[in-house]
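Chemist: Listed here are the chains, written in short residue letters.
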Amino acid sequence: MIRLQLEQLNTVQDAQAMLQTAIGVEFGTLPPYLYALYSIREGTNVQAKQRIRSVALQEMIHMCLACNMLNALGGIPTLSPQSYPGPLPGDIGPNGKPLQLHLYPFSPQAMEQAMAIEQPENPPDFPVAAFAEAIPKKAVTIGEFYRTLDQFLSTLPTGDWIAGRNQVIADQFFAGQVFAINQYADAHKAIEEIVSEGEGSSQGTKADPLDFQDAVAHYYRFGEIFHDRVLTKADNPLGYAWGPARLGVDWTGVYPAIPDPGLHDFSKEPPEAQAAQKACNQAFSSLVAGLQGAVTGKDGAMGEAVQAMFSLRMAALHAFTVPLADPSRVAGPAFLNTSSQGGHEA
Amino acid sequence: MSVLETPRIYFKGQVTWDPIVTNNYDTNYDETTGATIYPSAADKVKAFREQAVDAVATGNWNPHGTHRATFFETKVCGFDLGTGTKTADPFVSAGASFEGMLVDLEPYGTFSSQLFFDSLCFGVDGGYRILAPRTSRITARYINFRRNSVNTFIAGVASVVWQTSFAKTDGLRIDAFDSTALKGLAAAMQPDDIVGLTVRFNAYRTIYFDNADLTRGSPAGQAAAQALMAKLKSGGFQPNPARSLLVGVIGLWRKAEPGHEPDGRALTPIGNSALATAHARVSATSLTIDLANSVRETDKILTKQDLGSLSIVAVDPATQAAEPLGSIDYSQYNRAAYEASAGIVTVQLPAGAAQNAVGRNLEVRDAAGTTLLSELAMRAVPAAPNLYLDEGQNVTATFQVYDRGQPAAASVPVTLFRVDAGGGKPDNGTPMTTDAKGVLSIPVAATAHGITAYVPSFGAADQPSGGINPLVNTYMYVRVRPADPDVAQAPPTWQNVYNKVLANWNAMAPCMDNWLKLDDPAQVTAYGAMLKRLTDPTRFEAFRFMPVTRDMSAGERTLLYKFLDAVKSELELESIEAGPDGRSFAELSRSLRRG
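In order, the protein sequence lines correspond to chains A and B.
Using our numbering, count along the first sequence one by one with no gaps and you end on 346.
Using our numbering, count along the second sequence one by one with no gaps and you end on 595.
Please keep in mind that the hints were generated in silico from the structure rather than gathered at the bench.
Every residue gets a Cβ at the ideal spot worked out from N, C-alpha and C, and that includes glycine.
Treat each hint with caution, since some may be false.
Claimed, not checked - Derived list of chain B stretches under chain A, where covered just means 3 residues or more per stretch with a C-beta under 8 Å from a C-beta of chain A:
| no. | stretch |
| --- | --- |
| 1 | 43-55 |
| 2 | 122-136 |
| 3 | 424-432 |
| 4 | 473-485 |
What the hints assert, rightly or not - Below, a list of computed lysine to any residue pairs in the SDA-like style, where the Cα atoms sit at most 25 Å apart:
| no. | chain 1 | residue 1 | chain 2 | residue 2 |
| --- | --- | --- | --- | --- |
| 5 | B | 568 | B | 587 |
| 6 | A | 189 | B | 14 |
| 7 | A | 49 | B | 568 |
| 8 | A | 49 | B | 35 |
| 9 | B | 300 | A | 325 |
| 10 | B | 183 | B | 173 |
| 11 | B | 568 | A | 5 |
| 12 | B | 46 | B | 35 |
| 13 | B | 517 | A | 169 |
| 14 | B | 300 | A | 49 |
Stated by the list, open to error - Calculated from the model, a selection of chain A residues having no Cβ within reach of chain B, i.e. all distances over 10 Å:
| no. | residue |
| --- | --- |
| 15 | 92 |
| 16 | 172 |
| 17 | 232 |
| 18 | 258 |
| 19 | 314 |
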């Protein structure tokens, strides 16, 4: 599971650092989710795809909201793609062992990993609850991390907030989901949304936040796929049950993709596979550049990022169909930022 | 009668509209032939796209649109089981999920909008839920050009009624659990007379450039357009969706009720009435009237116009004697009431009063006694409000005639007018009569391509002599796509298939670059099977049909398929060998296309 290091929060700079960690966490979850999503064969796992896609989209939105908060506090968001396998930024894990995130094709393993990322403070009855042990002090879930941040932000004087600074808004994309952070009330609303959509926990006191009115939190959506059961309102002490309806998960409806293509030596692969990887990396690099521009106030950059996102999707879908030297295997995108520019644009 | 009876459930929220509007202009697109009008240039598609971007300055507000229409921040907000609007129920606050494709059958105007979609869902999988797979597309009617005279930017002044219905036999499902509202609705759906559910919503206060303060012709509006142009020219994918507020209602759909436009007794505006058309139902104890599209907002903060107490009377058509039925106070149609119950107002009737409405015309009058709305007893509602045909097809279209909301008798005289695509010029009309079930049958011979509207009339009050009045007339739009036999017979080369077929949409819809590069033969052939699936006419109603504008001719499809089939054969061969205002409504309709 993910456990983030809580540092002492005394200054705006401390909050900025915490937000930068949050941005890294949100951004870092995208590649594992997208790798699993794009590895699903056309025409299979419709409901699973829907759920993974919806979570990935929300992670992107959460990242934008975190960037908006950081911008509102005078910081400069930086999107630094991480390597896979590798830990999310700030993850110290329970017992000091951070979770090594892998790029897995769609599989129970990929869903288990996703649940571990999204696991709330008080996990429900299954299946990763066993991991919830001996968590060191100051090692917190993503939700707790945000709530601690929220508490600190509420103490900041009004003057620490800069209205209208480099904000990503929903004028073109994400209607009703992304909004400007101009003051603490906006930040509080953003954090509430991030936490409730991510972990779904209500104020960290109860494992079951399900009102069955809106889409369930990320943890439960991955749980539904893992169990191949729809999380269903039930008249029992928990208030819910797994099933009886199924999602129709077909674990075989997936391309035979290698995990962690970033570790793979493609120089020995056929030119088509090398070209497919190159196209994926170019698209991902464009995505990073577009997002970096968008969160640092460049006009039109979100449109460039979204276009790059579509290019990445097309490149990934193609890559998953290109055989490697071992013709029974394929490779999806490694999510490598090959842009020479890198860094951020202030 | 549908949403005018109980139980019903209310929702409200917002919707984004992201159409490509480049084809709204006759300089860019010939809606008669469905052909893109290219500028003279070596690379006609590139030049067309650039021209579309330059036209942002003169009103082409969304060249990078996707046609998508998506609900957001839309939630169930109340219900009425027969005892007034309530909110105490776990289903209240459930979210609504909807994504459709906004397409105008007649792209130059605003009378024929529709939403193609796959399903509508209130609530969530596993929880409280109404899951409604599509029975038919959502249709817009009764566009009200005077809804909010302050919100003037592009089509911001207008509101419109959207409606569709979902048959029980098409997979409609209610997961009620302990929700009283949903249990009530599910129970009411049981009788055989109930075909399913009707969903109606009113879209209003439409804003553009995500800015509610823009006004027509203002420097701020021009600046917003310039900013969009700059973004478009700098690259990337730059859609510019508009967005509207909406209030809506879910109710029962009974046999013989129209699925796609309001049923009941139609009360239409008289003269320069302050109210727009409303539909009403009279039961033994109450009168229910849908004012969702009727009462204007007077400012940017959506204050409803205060017309004082509105009286509802039943007028004897012979003697003009008026019998009072009840009244509606401002508190029942102000903004709060409007948003709480989607503009639907129920008036309790005194004992025996309902009888006074039988055979009489309902009227809504203001406090001074001036008639604002008056009933048109006879209405004819098309079975297919927006009908697409291919040149050479012969079909019989039908209108169900209603007499004060009930299916009419046989031999009712109707004059059917054919009106030009713009809705402005009617012919002399053809007299017709209904059959035994009150149905008007019209043979439609698609002998020539183009767009025509069919408008039934029962007398002077609804005769479309000045063109379609969308608050008064019911109508059917018919689009006949050209046969294009010359295109069908062209050799299936890439050059032909691109220039004669795909370039049309490649030019008009830059958003396609995100999914499939239509000018890339490698991509087109690689996704040939998918292309055939998405353009298959049997998927015409689906959300993901291509082209989204539904304007591919039979000849174009033939050429495309010949090309894809030939490529497929080649690939298979290779694989064996090598491995793997004072204006008319028609003018108003056109004018809303400008900034």
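Chemist: Hint by hint, where does the structure go against what was stated? Just the numbers, ascending.
Modeler: Failing hints, ascending: 1, 3, 4, 5, 7, 8, 9, 11, 13, 14, 16, 17 and 19.
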